[in-house]
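Undergrad: Listed below, chain by chain, are the residues.
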Amino acid sequence: MHANDTNMRIDLENLTIQKATEAFRSGEFSPSDLTDVYLAEIEKKNPGLNAYLTIFEDGARKQAEESTKRYKNGNPLSDIDGIPLAIKDNILVAGERTSAGSKILENYKASYDATVIARLGPAGAVFLGHSNMDEFAMGSSNEHSAFGPVRNPLDPERVPGGSSGGSAAAVAANLCLAALGSDTGGSIRQPASFCGVVGLKPTYGAVSRYGLIALASSLDQIGSMAKTVEDAEIIFRHICGKDDKDATSRDYPSLRTTNYDLQTITIGFPEDFPMQGVEPAVLKNLEESKEKLKSLGFKLKPVKLPYSQYAVASYYVILPAEASANLARYDGIRYGLYKPGENLVSDYMGTRAAGLGPEVRRRIMIGTYVLSAGYYEAYYNQATAVRSMIGKDFERAFSEIQAIVTPTTPGPAFKLGEKGDDPLKMYLEDLFTIPANLVGVPAISVPSGEVKVGGKGLPLGLQIIAPSLREDILFDIAKKFLA
Amino acid sequence: MISREEVKKLAGLARIELTDKEVENLQKDMERILGYVSEIGRAEVPKGLAQEVPAHHNVFRDDSEPHGAGIFTEKLLQQTPKRKDDYVQVKKILGEA
Numbered sequence: 004m005h006a007n008d009t010n011m012r013i014d015l016e017n018l019t020i021q022k023a024t025e026a027f028r029s030g031e032f033s034p035s036d037l038t039d040v041y042l043a044e045i046e047k048k049n050p051g052l053n054a055y056l057t058i059f060e061d062g063a064r065k066q067a068e069e070s071t072k073r074y075k076n077g078n079p080l081s082d083i084d085g086i087p088l089a090i091k092d093n094i095l096v097a098g099e100r101t102s103a104g105s106k107i108l109e110n111y112k113a114s115y116d117a118t119v120i121a122r123l124g125p126a127g128a129v130f131l132g133h134s135n136m137d138e139f140a141m142g143s144s145n146e147h148s149a150f151g152p153v154r155n156p157l158d159p160e161r162v163p164g165g166s167s168g169g170s171a172a173a174v175a176a177n178l179c180l181a182a183l184g185s186d187t188g189g190s191i192r193q194p195a196s197f198c199g200v201v202g203l204k205p206t207y208g209a210v211s212r213y214g215l216i217a218l219a220s221s222l223d224q225i226g227s228m229a230k231t232v233e234d235a236e237i238i239f240r241h242i243c244g245k246d247d248k249d250a251t252s253r254d255y256p257s258l259r260t261t262n263y264d265l266q267t268i269t270i271g272f273p274e275d276f277p278m279q280g281v282e283p284a285v286l287k288n289l290e291e292s293k294e295k296l297k298s299l300g301f302k303l304k305p306v307k308l309p310y311s312q313y314a315v316a317s318y319y320v321i322l323p324a325e326a327s328a329n330l331a332r333y334d335g336i337r338y339g340l341y342k343p344g345e346n347l348v349s350d351y352m353g354t355r356a357a358g359l360g361p362e363v364r365r366r367i368m369i370g371t372y373v374l375s376a377g378y379y380e381a382y383y384n385q386a387t388a389v390r391s392m393i394g395k396d397f398e399r400a401f402s403e404i405q406a407i408v409t410p411t412t413p414g415p416a417f418k419l420g421e422k423g424d425d426p427l428k429m430y431l432e433d434l435f436t437i438p439a440n441l442v443g444v445p446a447i448s449v450p451s452g453e454v455k456v457g458g459k460g461l462p463l464g465l466q467i468i469a470p471s472l473r474e475d476i477l478f479d480i481a482k483k484f485l486a
Numbered sequence: 195m196i197s198r199e200e201v202k203k204l205a206g207l208a209r210i211e212l213t214d215k216e217v218e219n220l221q222k223d224m225e226r227i228l229g230y231v232s233e234i235g236r237a238e239v240p241k242g243l244a245q246e247v248p249a250h251h252n253v254f255r256d257d258s259e260p261h262g263a264g265i266f267t268e269k270l271l272q273q274t275p276k277r278k279d280d281y282v283q284v285k286k287i288l289g290e291a
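Going line by line, the protein sequences match chains A and B. The first sequence runs 4 to 486 under our numbering. The second sequence runs 195 to 291 under our numbering.
Be careful, since some hints might not be right.
Straight-line distance between alpha carbons at most 25 angstroms, and here's what the computed DMTMM-like set of lysine to aspartate or glutamate pairs gives [claimed, not checked]:
| no. | chain 1 | residue 1 | chain 2 | residue 2 |
| --- | --- | --- | --- | --- |
| 1 | B | 215 | A | 421 |
| 2 | B | 285 | A | 109 |
| 3 | A | 418 | A | 453 |
Think of the hints as simulated: they come from the structure by calculation, not from any bench.
Using the sequences and the hints, build the whole thing.
TA: The structure is reproduced here in C-alpha cells:
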C-alpha cells in the first residue's frame, strides 16, 4: 500500500498510540503505511512550519519496515512498536545530525544514542527526525533557532512557543504521533500550551539526561509531548528510570503502585503568585478550569508560595551560570564548527563568535558575570538560597495538598517578532513554569480552552504540578479534566 | 551598573570575540537583565542556606569500571575538526598565548 492510496485514509487528527497499534495488529494499516503517511505530510507541511530540521527518511522507513514484519509475525516488541516520533534536536540520535538548533553544531553527527533513544528504539519506536528548537534550548518562542523560527500550526503568524517549539508544532500539525522535548524552565509545557497539546516535564532525575545536550544540569529534563495524556504517559513509561550513565537519575517506582483515592485529592492554587502581565483571558480561563475541577469532585484550596515572586529572577541567575559552564565545551576542538585564528585562544574566540547566536551569548555572559569573583555571593549564592526557599514553600504546600494548578502561560501564543529585542519580555513568559524546574517536581500542561484573538481561536493551557515522583497524580487529574 | 570594560573582560573569560557594536548591545542587555535579577537581593534567606538545594545534592559516581581502550576512538574522531591519526590536533598551548 502506498501513502497516496485513496483507499487508505488514516485519520491522523484523532489517532492515538493505542488506535495505531490496534490498526497494526488488525492489519487495517501497517507501521510502514503510517510512517509513509507522516513522511508525506512532513514533505507537504514542513516548509511552511519549519518544525523539523532533519528528517531521518531512510532510517524511519527501515524501522517501520522491521516493525511491519514483526506485526505480521505476531510479535511486536512493545505497546509502542511502530509508533512514529519527533525527537528534539538536542537529543542525540547516533549517526544523525544533532545540532541543538545551533550553527556551532550544524554538521555534528551524534556519536552515540541518548539513553532515551536507546530505550525507545528497542521498543520499536520509529524516529521521524530532529525537531527545531531555540538554540541550545534557550528561548520561549523558537525564534532563537539558528535555522529559522517555527510557526504555530494554529496561526502561522504566531510562535509555537519554545524551546521545544518544533516538537509541539509537529504534534499539533499531525507530523508525528508523539514527540520528545526537553524542559529547563518550561520548554515542554509552554509550547504544549501554545499549540494545544499535552506536555510533561518529569520529576528531576526521572528520565536520564545522558545524550541530552546540556543546558542547565540541575534543571534539564527530557519529557513527552502528545495529543492525549494517555500517549504522553505511555512514552514516559518507556523513558523513565535510573541510568548508570546519568548519575543524577533515580529509580522510578512503577506507576500505580501507590494506592491513593483520587477523590480525596485536594488541589491548591497559589494566591500570591506575581500576576502582573497575565492576560485577563488567562485569568478567566483559570477560574473556569477551577470550576471544572470542583465539578469533577476535587477539593480546591488556596496555598501560599511566598518565594515564588523571586523564581524568575533566581532562575535567570542559575540558568546562565550553569549554561556558561556547559557551553564552554563548544570550542571547535573535538566537534562542531571550527574557525581557526592565530593561536589557540583566538581559535576559541572566533569559533564561538561565529557559532553562537545572540541569546546564547547573552546568557553565557550573564552566567560568567554572576559566577565571577566579587559577584557570586550576591548573585549565584543568593539565587541558590532563594531556590532552596522556593523548595521549602512547595514542601510546605504539598504537606497539605496533593497537586497545584496554575495557568501554563501568561497569555496565548504571541506573534513572531512581538517580543522585539527585549530579553526580559521573553523571560517573563516562563513565570508559571519555572518553579517546577527549580524545585525538581513534575508538572504537566494540558489544553484548557481557547481565547479568540483576531478571529482565530488560540489555545490556553492548565498546568498541574505534583510532588516528586507523583506523575501518576498528574496523569490522573489530567485525564479526568480532559474527559 | 556594568561598564564596557567589564563586558569586554567577561567576553574574554567566555572566549567569545565581540565587535564594538556587539559590546555596546550586550552592555545594554546585561544592564537590563542584571537590574531585574538583582531583585533576589530583596529576598530574606536564613544565613548559611546558600548552596543548599532541596532534594538535590551533587552526585558523583565512582571513578571505576572504565570501558575498553579505543572502542569509541574512531567514532569520536570522525567528528573532530582537526585530527592526526588517533589524536585530536590542537595548536600549541605552552608559550605565548
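Undergrad: Which numbered hints are broken by the structure, listed smallest first?
TA: Of the numbered hints, all hold.
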